[in-house]
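Chemist: Here's the letter readout for the chains.
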Amino acid sequence: MDAIRRVLSVIVLNEDGVLSRISGLFAGRGYNIDSLTVAPIPKTNLSRLTIVTSGSTAVLEQIVKQLHKLIPTYKVIESGEFVEKELALVKIPLSEDFNGLDAMLKAYNGTIASSSEESIVLMVADDYNRIDSFLKAVKKYNPTDIVRSGSVAMDL
Amino acid sequence: MELSGSQMVIEALRKENVSVVFGYPGGAIMNVYDEVYKQNHFKHILTRHEQAAIHAADGYARATGEVGVAFVTSGPGFTNAVTGLATAYMDSIPLVVISGQVPISMIGTDAFQEIDAVGISRPCVKHNYLVKDAKDLSRILKEAFYIARSGRPGPVHVDIPKDVTAQIAHFSYPSEIKMQTYKPTYKGNPRQIKKAIEAIAAAKRPVLYIGGGAINSNAAEEVREFAKICGIPAVETLMARGVMGDANPLLLGMLGMHGCYCANMAMSEADLMIAFGPRFDDRVTGKLSEFAKHAKIIHVDIDPSSIGKIVPIDYPIVGDLKNVVEAMIPLAKEQIQADKYKPWRELLKRYNEIHPLRYEDSNDVIKPQWAIERVGELLGDKAVICTDVGQHQMWAAQFYPFSYPRQWLSSGGLGTMGYGLPAAMGAKVALPNKTVINFTGDGSILMNIQELMTAVENKIAVINIILNNQFLGMVRQWQTFFYNKRYSSTDLSVQPDFVKLVESFGGRGFRVKTKAEFDQALNDAMQSGCVCMIDVQVDRFENVLPMVPAGGTLYNMMLEYKE
Ligand SMILES: Cc1ncc(C[n+]2csc(CCOP(=O)(O)OP(=O)(O)O)c2C)c(N)n1
Chain D
1 MDAIRRVLSV IVLNEDGVLS RISGLFAGRG YNIDSLTVAP IPKTNLSRLT IVTSGSTAVL
61 EQIVKQLHKL IPTYKVIESG EFVEKELALV KIPLSEDFNG LDAMLKAYNG TIASSSEESI
121 VLMVADDYNR IDSFLKAVKK YNPTDIVRSG SVAMDL
Chain L
1001 MELSGSQMVI EALRKENVSV VFGYPGGAIM NVYDEVYKQN HFKHILTRHE QAAIHAADGY
1061 ARATGEVGVA FVTSGPGFTN AVTGLATAYM DSIPLVVISG QVPISMIGTD AFQEIDAVGI
1121 SRPCVKHNYL VKDAKDLSRI LKEAFYIARS GRPGPVHVDI PKDVTAQIAH FSYPSEIKMQ
1181 TYKPTYKGNP RQIKKAIEAI AAAKRPVLYI GGGAINSNAA EEVREFAKIC GIPAVETLMA
1241 RGVMGDANPL LLGMLGMHGC YCANMAMSEA DLMIAFGPRF DDRVTGKLSE FAKHAKIIHV
1301 DIDPSSIGKI VPIDYPIVGD LKNVVEAMIP LAKEQIQADK YKPWRELLKR YNEIHPLRYE
1361 DSNDVIKPQW AIERVGELLG DKAVICTDVG QHQMWAAQFY PFSYPRQWLS SGGLGTMGYG
1421 LPAAMGAKVA LPNKTVINFT GDGSILMNIQ ELMTAVENKI AVINIILNNQ FLGMVRQWQT
1481 FFYNKRYSST DLSVQPDFVK LVESFGGRGF RVKTKAEFDQ ALNDAMQSGC VCMIDVQVDR
1541 FENVLPMVPA GGTLYNMMLE YKE
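Chains as they are written, first to last, in this note's numbering: chain D, 1 to 156; chain L, 1001 to 1563.
It should be emphasised that the hints constitute simulated quantities derived from the structure, not laboratory data. Heads up, a few of these hints could be off.
[Claimed, not checked] Heads up, simulated BS3-like pairs for lysine-lysine below, C-alpha to C-alpha not over 27 angstroms straight-line:
hint, chain 1, residue 1, chain 2, residue 2
1, L, LYS1132, D, LYS69
2, L, LYS1135, D, LYS43
3, D, LYS69, L, LYS1187
4, L, LYS1135, D, LYS65
5, D, LYS65, L, LYS1296
In isolation and in its complexed conformation, chain L is listed as follows (with noise of 0.2 angstroms):
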C-alpha cells in the first residue's frame, strides 16, 4: 500500500487499536492533523496545553493498562511535552507520543521551532526515534507500542520531520515484531525461585513489599493469593495502592516517609523482604544503611538494572511478577505454613494497635483526612482517584480506601504538580462509567487549569476537589517542621474565586466550609455530568503524619507534631 508518511501514522494507530488521542496541533504536524480530520477510527481531543495530552495520555494508560497516545507539533510543543514524559518514565507508564519536527533538510539550521527534540527527550524516555524515511515509519511505529507496552513499560517518542509526514512510500505494518537487540526476560529462573521460597519457609518475620511493578505486571490477583497462602503480611508502596485492597488483612498499608508506623516497622523488623516489583526509592526506603537492616532480600522485577541499584539483593529474580509469581505458587502452597509466621502477624497487628495511623477531626473546620475519608464512604469501589501532588496526595494516599489496581493514579516518581486534572480526564475518557475524582491543592490545580476548557469541551465530568488549604501546603509543612516556620513563599492566600474559575469555563463550582456542605455539593456535583471543582476550605496548618524525615530512618518516624 502506498501511503503518505501521515497516513501511515493514522493507519498504525488503527492496526494498534487507538481508541483515543490527546494532542495539540502546530506547523509541523500539520499533515498528520489533515489525515486526523479524514477519519474515524479513533478520537481526537485538543487539549489546552502539550503537557496535559501527555498527562491525560497518561491518565489513559494508568486506567487501562493500555499505550497512551498523544501529538505534538514540533518546538514549543515538544518541549511542552517534557514534564508529560519525564512523568510517564519515573512511573513506568507506556506511553507513544509522536511530535513534528522541521524538514529534514533544515534540521540543524536552527529553523523556526526546531528544536533537538530527540536530544532532550533521551533521558526521559524508554526509547526514541527520529524517523528519516517514511519507508521506515511502520517498523518504527509498530517497535514504538511494542517497546512501550513490553518489559518495563515506558514512554516513546517518534520525532518526524514535515517532509516525511508528506512523503509517499511503501507501507505494511508489520504483524509481528522481531528486535534484534531488544528481549525482555519474562519467566523467572525456576532455580532462583526454588531458592527464594526456600528462604521464604526458612523466615521467621518475612514482608511483602510492593511496588508499583505489581500494577504494570497486572499481578494483583496473583500477588493476593500468594500473600494469602503464605500468611505473610505485606506493605504497599505509593504506587502500588489498590494491589491488596485495603479491606484485606494482610496490608498493613502503605510504607515509607508518610507510610504508616506498622508498615514501616515491619520493614525494620523482618528477616526477610520479598520485593515484588518497587524499587526502593529514597522516600521509601529513608537512610540506605538502617533499612531493612535485619532482612534477606528477594528481588523480583522485570528490569535487572533495578536489581542490585540502591541495595544489594541475596535472591535476585528477574522476569514478569505476574509470571513469577504464578511460578511461586505451588511451590508455597506445598513448602510453606502460614501459621507460622502467626506470631510475626500479631506483632505488627499490636504496633497497628499502638501507632494507627490518625487523625483529630473537628467541628469548627474540615480536615483534609477527613474529606478523603468521606469521599471513601460514600464512593469508595465506585471512584477512580487521581491526585496532583502534595499533602492532599500523600492522604489520599493514606486514607481512601482502596480496593483494586488501577484506581489510584498518582505521578509517585517525578512528583508532577498539574498532573491530577488532565490525568483524571485520561481516565474518565477510558472509563466513562466510573466516577473520577481528582483530589488536588490549590497550587496545583493551577498548574493545567485550562484543561478545564478541554473537560468541558468534550464533557468529560471529572470532579476536582481542592483541598484548600491556601498553602503550597507540602513546602509550608517542611518550612513549619525543618526552617523554623520561615513560609517562604508559599502563601496562597491570594487566590482566585474557584467557583466563579469554573463556571467561567462552564463547569460548575461549589464552596464548601462544612461537612454538611461537603456531602451536599459531592452529591451535586455527581448529578450534574459536567466537570466540577469543590473547593474545600480546610485546616491551613493540618502536617501529613507520621513522617520520615528525609534521609531518617523508618523506625523512627515523627509520630506528632508538638510546637
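If we strip away everything but chain D, and leave its shape as in the complex, we get (with noise of 0.2 angstroms):
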C-alpha cells in the first residue's frame, strides 16, 4: 500500500516529557515522523505539535488513535483545511555569480535574511512541495548549506 502524507496538528498539555512520549510512541510503534515541531501556544498551558507523518491509511488512523490515547494530548486535528509553512534557510557564498536570483527570491517569496563577508543566507517561507521546489531551482547557486524548518500548521 502506498504512504499517504499526512499533517497532524496536536495540542498537548506542556508539562515535562511530553515530547519523549510522542517521540516515543513513534518510535515505538515503529511510525514515521517527517518532521515535526513545537512550541507553546500562547497564554494557556498547552502546546502544539505539528507532525508531518506518512502510512497506510490504517496506520494513519492508528496514529491519530495512539496520540489520543496519550493522557496529555488535549486534541488532534487531523482532517480538514490546514494551511501549511514551511521555512527553510539557504546560505550561497558571496563568490557565485547571482544572476537571476532576485527574480527567484521574488518568484518564492524570498529574502536575503543575512549576509557577511563571504556568504548570504536567503529565507523562504512556503508550502512544502514550494520549498521543495525552490530548494531544486536555487541549487545551482552551489549552497553550502541548507536548513529546513519542518512544516507549521492551522487549521482553517
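Using the hints, put the two standalone chains together into the complex.
Modeler: Structure (C-alpha cells):
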C-alpha cells in the first residue's frame, strides 16, 4: 500500500516529558516522522506540535488514536484544511554569480535574511512542495548549507 | 494541612482506602518507609524481590478489581520492577507503583542508584510522573489512582525524588478529579448500538468473542444475560476465562492457539463476530487474512485505539462494555429470536463432539491435564487459580472448570514466567478465605522462588502445584514439533529437591508420583495453613493440543501429534 503523507496538529499539555511521550510513541510503534515542530500556545498551558507523517490509511488511523490515548493529549487535528508552511534557510557563497537570483526570490517570496563577507543567507517560507522546488532551483548557486524547519500548520 | 512528601503518600493511600502495599525499601525511598513504620492504615508486605512486589499488587488487583499498590526504591529497585509493570500493562491491570528517585539536584549526574525511571517505564505503563515539587503530589497521586482504574485500566508509575519526599508543603487531597485532557468514553453511541443489534438480527451464524475487557469492566453478568437472550454461542480468550462460566451451555470454550476445535471453527464459520473487549492478539487470530473471513465484526471496547488496530471493524462501539451491553439487552429482547440460531448451535455442538478437548490418561504416570481436572473436581469454585507461563498455563486454561470472573489470574499478554507465586500471594492477601492455587512449572517456579519467604513470613497460605516435566515444557514442545527434537537448553532434569527447598523456607512440601498421593497431598496442603509446594512428577513429553502453529489458520488445527 502506498504511504500517504499526513499533517497532524496535536495540542498537548505543556508539561515535562510530553515530547518524549510522543516521539517514543512513534519510535516504539514504528511510525514515520517526516518532520516535527513544537512550541507553546501563547497564554495557555498547552503546546502545539505539528507532525508530518506518512503511512497507509490503517496506520494513519492508529497514529491518531494512539496520540489521543496519551494522557496529556488535548486534541488531535488531522482532517480538514490546513495552511501549512515551512521555512528554509540557504547559504550561498558570495563568490557565486547571482544572476537571476532576485527574480527567483521574488517568485518564492524569499528574502535575504543575512549577509557576511563570505556568504548570504536566503530565507523562504512556503508550503513544503514549493520549498522543495525552490531548493531545486537554488542549486545552481551551489549552496553550502540548507536548513529546513519542518512544517507548521494551522487549521482553517 | 502541612505535610512532608512522604506523609502525603501515606495520606493519599489512606484516602484511596488502600489496605495493603507490597514493596521493598532502599535509600531513595527511605523517608516514605519511615512513614510506613509510623502508620497503621495499611499493611505493608515486604516481598523478597521488586518484581514480585509488582506481581503481588497485580494479583491483588486482578482478584478484586481494585488498584494494587507497590513501593520500590530507585535504580535497581525500579529496574527490577519493570517486568511487573509491563505484565500489568499488557493485561490492562490497575496499579499505582511509587518509586524513589535520587534528589532533584542530582538528577542527570549519574548519581548512585540513579536511572531514568520515567524514561524506562514510559512504554510499559498507562501514564507516569516524575514529581518535581511536593505541592503537586496530592494532585498527582489523585490522578494516578484515577487514571489507573478508569477507562482502560493500567499501571501508573509515580517517581518521587528523595528531597521531594522530605519537602514540606500544603496537602489537600482533591475529592474530585478534573483532567483537562483525559476523558474516557463510557457510554456507547446509541446509533451504533442500534446498528449492531440490527446486524445481529440479520445474522445466521453469530458468535460472541469475549476478551479480558469483560473482566475489567465487571460485565460478566450482562454478557451472560445477553448471550442467553440471543442464544448466541460464545468463545473466551485466555484473559476472559470465567466470564461465561464453564457450565454455561452457550460457552464453546477458549479459542486461539490452544483453543478448542469448536471455538476456533465457530470463529472461522461465523457470519458475524460480536467482540466484547478482546484485542485480537496474534495468539488468538492466527493468520490474519484467514481469521474469521466470513464474518462482519462488531467490536465493543473502551479503548478506541484497540478498535481497528488489527482487523477492520464494521460496527465499532467505543464504550465501557458493561454499560454498552446493558444498553444492548432491551433491544436484543425486542429484536432477536434465539431460536433462529439453533441450527448453528447444533452444528457447533457436533464439532465439539467430533473433536472435544481431550487427553490420553495413563495408569503409570500422572498426566498434567489429569492433575488440573482433579483439582477442579476437588475444589471447583472454591479456588482461585493462578498460573505461571508455559504448558501448565494452557492446560489450566483448558481443563479447569471456571465458574466466575476473577477466578483465573494469569499473565496473558506478556507471558511472564515468575508471575504465578507472587500473584497468588496478592490474591490470597485480598481473599483470605479462598483457596489459592498456583499451577506452575519446574522452570517458572524458580523465577520468583524467593517469595516462599514472603509467604511464610506473612502466613500467606498459597498452594503451588508444580507440574514437573523436567523441561521448559512449552519450548520443548515447539522444539519437538518445529525443530526436529533438538532440545536446545530446555532440559531441566538437573533440579532442586523442591520438597526440601520449600521446607527450608518454612513451608510444606509434597512429592507426588501417583494419583492417590496427589489427592492426599492436596488434602494435606489444604489443612496445613501455610505455603505449600506439591511437586507432581508428570509425563515429561506430554504436548498441549490442539494447536494452531504460529501464523497458521484457526480452522486448520493440529489435533494430534504423530511422531
Ligand atoms: C520470563 C520469561 N522467560 C522466557 C519465557 C519463554 N517461555 C515460555 S514458556 C517457557 C517454558 C516454561 O517452562 P515451565 O515453567 O517448566 O512450564 P511448562 O511449559 O513445562 O509447563 C519459556 C521458557 C517466558 N515466557 N518468560
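Chemist: State for each hint whether it applies.
Modeler: Tested hints:
no.	hint	verdict
1	L:LYS1132 x D:LYS69	holds, 24 angstroms
2	L:LYS1135 x D:LYS43	holds, 23 angstroms
3	D:LYS69 x L:LYS1187	holds, 17 angstroms
4	L:LYS1135 x D:LYS65	violated, 33 angstroms
5	D:LYS65 x L:LYS1296	holds, 22 angstroms
Violated hint: 4 only; the structure is consistent with all others.
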